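In case you want the letters, here they are:
2 protein chains.
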Amino acid sequence: MAKTEFDNQAFRQALGSFTTGVTIITATAPDGTPVGLTANSFNSVSLDPPMVLWSLAKTSLSVDAFNKTEHWNVHVLSQHQQDLSNKFAAKGKDKFKDINLEDGISSAPLIKDCSARFQCRNMVTHDGGDHLIFIGEVLGFDQQPLPPLVFQQGQYAMTARKPWEDVNLSSEPAAPQCSYNEDLLGYLLGRAHFQMLYRMRKVLDQQALEDSHFFALSVMNIQPKQTLEQLNTHLDYTGHSLSEEDIDFLESQALISKIDNDSYQLTDSGRVTSLHHIAQAKAIEEELIEELGAGDVMALKLMLKRLIHKTDPGLPDLWSTQEQQ
Amino acid sequence: MAKTEFDNQAFRQALGSFTTGVTIITATAPDGTPVGLTANSFNSVSLDPPMVLWSLAKTSLSVDAFNKTEHWNVHVLSQHQQDLSNKFAAKGKDKFKDINLEDGISSAPLIKDCSARFQCRNMVTHDGGDHLIFIGEVLGFDQQPLPPLVFQQGQYAMTARKPWEDVNLSSEPAAPQCSYNEDLLGYLLGRAHFQMLYRMRKVLDQQALEDSHFFALSVMNIQPKQTLEQLNTHLDYTGHSLSEEDIDFLESQALISKIDNDSYQLTDSGRVTSLHHIAQAKAIEEELIEELGAGDVMALKLMLKRLIHKTDPGLPDLWSTQEQQ
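Residue numbers (the working numbering), protein chains in the order written: chain P, 4 to 328; chain S, 4 to 328.
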């Protein structure tokens with residue numbers, strides 16, 4: 004298995020299997036110029052005394068500044084700071100332009116809104132091949148409950164945390180012997196969707212609305228003017244469709260009204276009803292963010308969007324502004 | 004913001020914001036005893052020469068062995084090796100029992116089925132407060148396409164990778180001005196579910212089966228003997244239900260048959276039909292794993308299960324063996 008000749012590209016790739024957070028390390032050069040760069044080579048070293056380390060390519064333009072400064076700050080970036088990560092990973096003189104800084108222990112720049120920050124005093128700089136290893140004592144730190152930005156195999160990533168207890172849907176250790184199992188993606192997506200909709204249904208039932216009515220009102224909230232045919236084009240992939248009777252029902256409830264021969268729009272009352280649906284959907288989501296974690300729900304949404312992209316059968320763009328004109 | 008007094012617990016927590024992979028580091032003590040421990044303090048140092056580092060608590064039982072050995076191996080663990088991570092994180096003498104090892108460059112134990120492995124020669128051991136920093140030259144490495152195990156804020160985690168291009172569902176940069184947006188979790192879950200089901204529907208249409216029929220056959224595949232009432236108890240949360248006419252239809256298609264006054268089961272033909280559905284669902288899933296990445300789909304499933312747990316309205320356990328008896 005072991006390679007004796009070194010393939011640099013393959014070595015980089017193998018190292019990429021080790022997942023890391025993303026940090027920006029900052030310092031102030033002796034002439035007062037702020038310097039900063041993106042690094043994922045950060046790690047903790049010691050708790051007592053508190054020490055951390057990171058490494059810097061000897062070819063980096065900032066080597067001189069870091070060699071001459073006594074202090075540097077480590078910023079563990081949050082998911083919202085991906086642009087900042089890209090900015091500090093590139094070469095550039097104006098990296099600190101438009102960035103709000105805070106006052107810290109030393110003169111090293113201190114960036115806001117990070118997942119965690121460590122203000123350090125350099126203890127030792129150690130030779131590490133084509134890199135220098137900076138080992139520092141942590142003088143101060145802080146943390147915010149912001150989901151951290153993650154890097155793996157050359158890509159940014161989000162994390163879905165695994166609870167310490169197993170997450171099984173069956174109440175029994177051994178599920179029935181059959182070809183289905185609770186791990187089937189299609190089953191999980193269906194059950195998750197229907198359970199979310201089930202929570203909506205309490206509100207819908209009070210209004211005597213069926214799922215298809217709810218979907219139709221949602222479409223008309225996004226695309227104000229719809230013919231029955233247009234509505235059904237948007238609903239087709241759900242297996243739901245609206246009949247003339249459904250339209251009559253929604254009109255009788257004063258939720259929609261005819262605006263010309265073929266088209267319908269939400270009435271004021273229909274708009275209020277739809278806003279209540281959205282408020283309910285958002286309340287369910289807020290509750291889940293509270294229970295599952297903001298970063299975890301972000302990861303779920305990202306994966307759903309990636310899946311939707313890959314499985315899109317060519318749906319008409321619900322979010323297009325074209326239909327509105 | 005900076006703390007002057009050090010709260011060890013808070014410092015640990017702040018360090019936990021920096022996401023890492025999980026490694027097992029192994030060596031052979033001078034007396035031939037294999038030693039190994041779980042560490043997330045690994046990081047790359049240099050590409051040329053190839054160098055990596057990790058750190059070890061001075062209080063570790065393995066310190067002596069690592070101080071006296073010339074070689075150690077780093078194993079970047081895969082998602083499937085979480086148990087191994089726990090085993091090597093605990094104290095114990097028989098850590099290597101029942102573990103298949105491979106021959107490597109040195110005598111240091113080499114564990115199979117990792118995301119990546121680095122076989123190293125120790126170059127320098129550096130003092131790092133309450134830890135020792137081991138810096139080694141990489142003599143050999145390999146990598147397998149296995150999703151890496153991740154550690155963040157004291158928990159194992161999975162990663163959902165972010166493509167370099169933005170993942171937007173709308174074809175236009177600015178979505179219509181309305182209270183809905185494509186980022187609503189309920190919308191994403193619904194659309195993902197319906198798009199998956201849409202792919203199933205081609206097969207279902209050929210068999211003239213409606214969604215509710217498909218759901219009913221699936222339930223009867225898992226729970227062989229079902230009354231109409233039992234079936235509908237399992238389907239209730241989906242908003243679907245089966246009528247007497249649906250049962251008559253499925254009987255007329257020879258997919259189910261009556262086994263006593265009230266109960267139905269799949270016929271041989273019904274079982275084959277249901278197996279085709281499962282095969283189709285698994286084929287769709289395999290295609291998505293290919294396109295999205297195995298680890299990413301694992302992360303999606305984990306989040307769906309966590310969401311299902313939190314939103315379960317108290318459904319009857321579809322996976323129970325009780326009903327079968």
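Wrong hints could be hidden among the right ones.
Identical copies carry no separate label here, and so any pair may be met within one copy or between two of them.
Claimed, not checked - Straight line, CA to CA, 25 angstroms or less: simulated PhoX-like cross-link-like pairs of lysine-lysine:
(1) K90 to K115
(2) K261 to K61
(3) K94 to K285
(4) K313 to K205
(5) K261 to K94
No lab work stands behind these hints, which were simulated from the structure alone.
In this text the structure is predicted, and so the values were computed from the model without any measurement.
Taking the hints in turn, this is what the structure says about them:
1. Taking the shortest Cα distances, K90 and K115 sit within 25 angstroms of each other inside one copy (15 angstroms), while across copies they are farther apart (39 angstroms).
2. Neither within a single protomer nor between protomers do K261 and K61 lie at most 25 angstroms apart by alpha-carbon distance, with minima of 71 angstroms and 78 angstroms respectively.
3. In this homomeric assembly, K94 and K285 never come within 25 angstroms of each other (Cα to Cα): the closest approach is 41 angstroms inside a single copy and 46 angstroms across copies.
4. In this homomeric assembly, K313 and K205 come within 25 angstroms of each other (Cα to Cα) only across copies, at 17 angstroms, whereas the closest approach inside a single copy is 32 angstroms.
5. In this assembly of identical chains, the alpha carbons of K261 and K94 never lie at most 25 angstroms apart, being 59 angstroms within a copy and 74 angstroms across copies at closest.
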